[in-house]
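Undergrad: The lines below spell out each chain.
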Amino acid sequence: MSVTEEGPRAALGNGWPLTRFGKQTLAIAEVELRKLFRDPTELFTRAVQPVLWLVIFGQVFSRVRGIPTGDVPYLAFMTPGILAQSVLFSAIFYGIAVIWERDLGIVHKLLVSPSYRGALVLGKALSAGLRGLVQAVIIYGLAFIMGIQVRIEPVAIGGVLFAVLLGSAIFSTFSLIIACLVKTRERFMGIGQVLTMPLFFASNAIYPVALMPAWLRVVARVNPLTYLVDTLRGLMIPGGQNIHSFALDFGVMGVLFVAMLAAAARLYPTIIR
Amino acid sequence: MTNSHEQTGDKKYAILAAGLTKCFGGLTAVDNLNLQIGFGEIFGLLGPNGAGKSTTIKMLTTLLEPGSGIAQVAGMDIVKEAAGVRTQIGYVPQMLSADGALTGYENMMLSAKLYGMEAADRKNRIAETLQFMGISEFAHKLVKTYSGGMIRRLELAQAMIHRPQVLFLDEPTIGLDPVARRTVWDRLLNLKNQNNLTILMTTHDMEEADQLCDEIAILFQGKMSAAGTPLALKSAVGANAGMEEVFIHFSGGIITEGGNYRDVRDRRRTASRLG
Numbered sequence: 001m002s003v004t005e006e007g008p009r010a011a012l013g014n015g016w017p018l019t020r021f022g023k024q025t026l027a028i029a030e031v032e033l034r035k036l037f038r039d040p041t042e043l044f045t046r047a048v049q050p051v052l053w054l055v056i057f058g059q060v061f062s063r064v065r066g067i068p069t070g071d072v073p074y075l076a077f078m079t080p081g082i083l084a085q086s087v088l089f090s091a092i093f094y095g096i097a098v099i100w101e102r103d104l105g106i107v108h109k110l111l112v113s114p115s116y117r118g119a120l121v122l123g124k125a126l127s128a129g130l131r132g133l134v135q136a137v138i139i140y141g142l143a144f145i146m147g148i149q150v151r152i153e154p155v156a157i158g159g160v161l162f163a164v165l166l167g168s169a170i171f172s173t174f175s176l177i178i179a180c181l182v183k184t185r186e187r188f189m190g191i192g193q194v195l196t197m198p199l200f201f202a203s204n205a206i207y208p209v210a211l212m213p214a215w216l217r218v219v220a221r222v223n224p225l226t227y228l229v230d231t232l233r234g235l236m237i238p239g240g241q242n243i244h245s246f247a248l249d250f251g252v253m254g255v256l257f258v259a260m261l262a263a264a265a266r267l268y269p270t271i272i273r
Numbered sequence: 001m002t003n004s005h006e007q008t009g010d011k012k013y014a015i016l017a018a019g020l021t022k023c024f025g026g027l028t029a030v031d032n033l034n035l036q037i038g039f040g041e042i043f044g045l046l047g048p049n050g051a052g053k054s055t056t057i058k059m060l061t062t063l064l065e066p067g068s069g070i071a072q073v074a075g076m077d078i079v080k081e082a083a084g085v086r087t088q089i090g091y092v093p094q095m096l097s098a099d100g101a102l103t104g105y106e107n108m109m110l111s112a113k114l115y116g117m118e119a120a121d122r123k124n125r126i127a128e129t130l131q132f133m134g135i136s137e138f139a140h141k142l143v144k145t146y147s148g149g150m151i152r153r154l155e156l157a158q159a160m161i162h163r164p165q166v167l168f169l170d171e172p173t174i175g176l177d178p179v180a181r182r183t184v185w186d187r188l189l190n191l192k193n194q195n196n197l198t199i200l201m202t203t204h205d206m207e208e209a210d211q212l213c214d215e216i217a218i219l220f221q222g223k224m225s226a227a228g229t230p231l232a233l234k235s236a237v238g239a240n241a242g243m244e245e246v247f248i249h250f251s252g253g254i255i256t257e258g259g260n261y262r263d264v265r266d267r268r269r270t271a272s273r274l275g
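Those protein sequences? They're chains A and B, same order as listed.
Those letters in the first sequence? Residues 1 to 273, by my numbering.
Those letters in the second sequence? Residues 1 to 275, by my numbering.
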């Protein structure tokens, strides 16, 4: 092992910045997935909540018939909402893992490497997105078991998976931003708890926006979860039940994600201070 | 603070700092620090908790921007050429930075990818580096099953995968038993001797500083209170003085209130995990 033989720069790959960015992103996502599949307990525990919502809440409310959902059965109406909720609840606490990595010194080591900060953040978002896909598989499985009608068409399923990937990436990046700002696990947990329920209830996840009072509709309109639910409802329910166009839904989510990615890449190095 | 390994031209020093200062609110963590560390030198940064050692390392490794002053690492400015500096340094933080949920090989592969090594070179380089650190046979075991000394050697291997010119070590042997500590020392000396590697390390272990370091600087309340070879510093304090006497003499000889809850927690957590 000798520095003088090859020189340190010889060890560094060349190539286009975008290629390096992509490789670094995939490297981060890959190790996260390795860890997840080595110990998949988290995936099973995260499946409990959607099961409870669909099996208990959904069954009871579909009998009450108090929420007007048109020709769509309430269970079918809420299934996309529960998938979106599951994505939100999984991703919104992702920042705590980053605080943990900071305490272990892993973040320090990543930041001392010549990696793009954006690649480090995008790699985390991608791994959160892939975790979200597992939630989608669980919800489809539950829908099948419970006899809920969902679209089983390749394009629709592909669209759902992409929307889940994007939604998870948005909420996990938002979570990373919060972690960088609050810096401690205790504060993060408090803020995480405060954020999740308002985001969920101020969205169209379990009732239509039309039922909301005017002020809550305004909140729902700026709530990214609303756009995720709307997309999923359009892609999962036979006949499509989205209020906005897919272009608007994906456009809002895409712009929001890029903005959050830029903010997170700037804030990520500050978590060690 | 130079030695016979000096290089010529603008890269005369591996680490050069002039008037390096960092304040946090009203606290001056590092105050007008000057360093000139030659290539191939092991340089020890000593001082009580809160003296500014970790802040100095964070600035030199580009993790923290200095408030004022300038510094160069491997001939590059730590602010203007931060990305270039990162390609030339390795860093082992005080905390255990190897991921316990991955194997040693996977940890190495992540570092290799982040440092942009070509796929064709990675496997050979990883094998070579792990062999040098004496942990090849454990490469495919999860790091959480490693002993403390093995984890530190893996972290050194990760920091060396891209063959840096300068290595920063923050308390590299904290929490290790004497045998593991000696093994890490041997590896560090080999790295220095075989690769002309410059090492800047912090330590609270006076024996370690005495045995390993070519030169030492003692920080006290953010300022450099003494610098020189271990022998010169001991002679300056007294005829029979050891490094502990030197440390006490130049760090005020009092129990300081430096360091904070997080520092102590991190140190104890690291020691506990290694033990």
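Honestly, the hints are just simulated from the structure, not real lab data.
Check the hints yourself; a few may be wrong.
Below, a list of computed lysine to aspartate or glutamate pairs in the EDC-like style, where the Cα atoms sit at most 16 Å apart [as the list claims (entries may be wrong)]: (1) 23/A / 118/B; (2) 80/B / 65/B; (3) 35/A / 31/B; (4) 144/B / 186/A; (5) 144/B / 101/A; (6) 223/B / 106/B.
Away from chain B, derived, C-beta distances all over 10 Å, residues of chain A [unchecked claim]: (7) 105; (8) 144; (9) 207.
We put the CB at the ideal spot given by N, CA and C, even for glycine.
Undergrad: Checked against the structure, which of the hints given earlier come out wrong?
TA: Hint check: 3, 4, 6, 7 fail, others pass.
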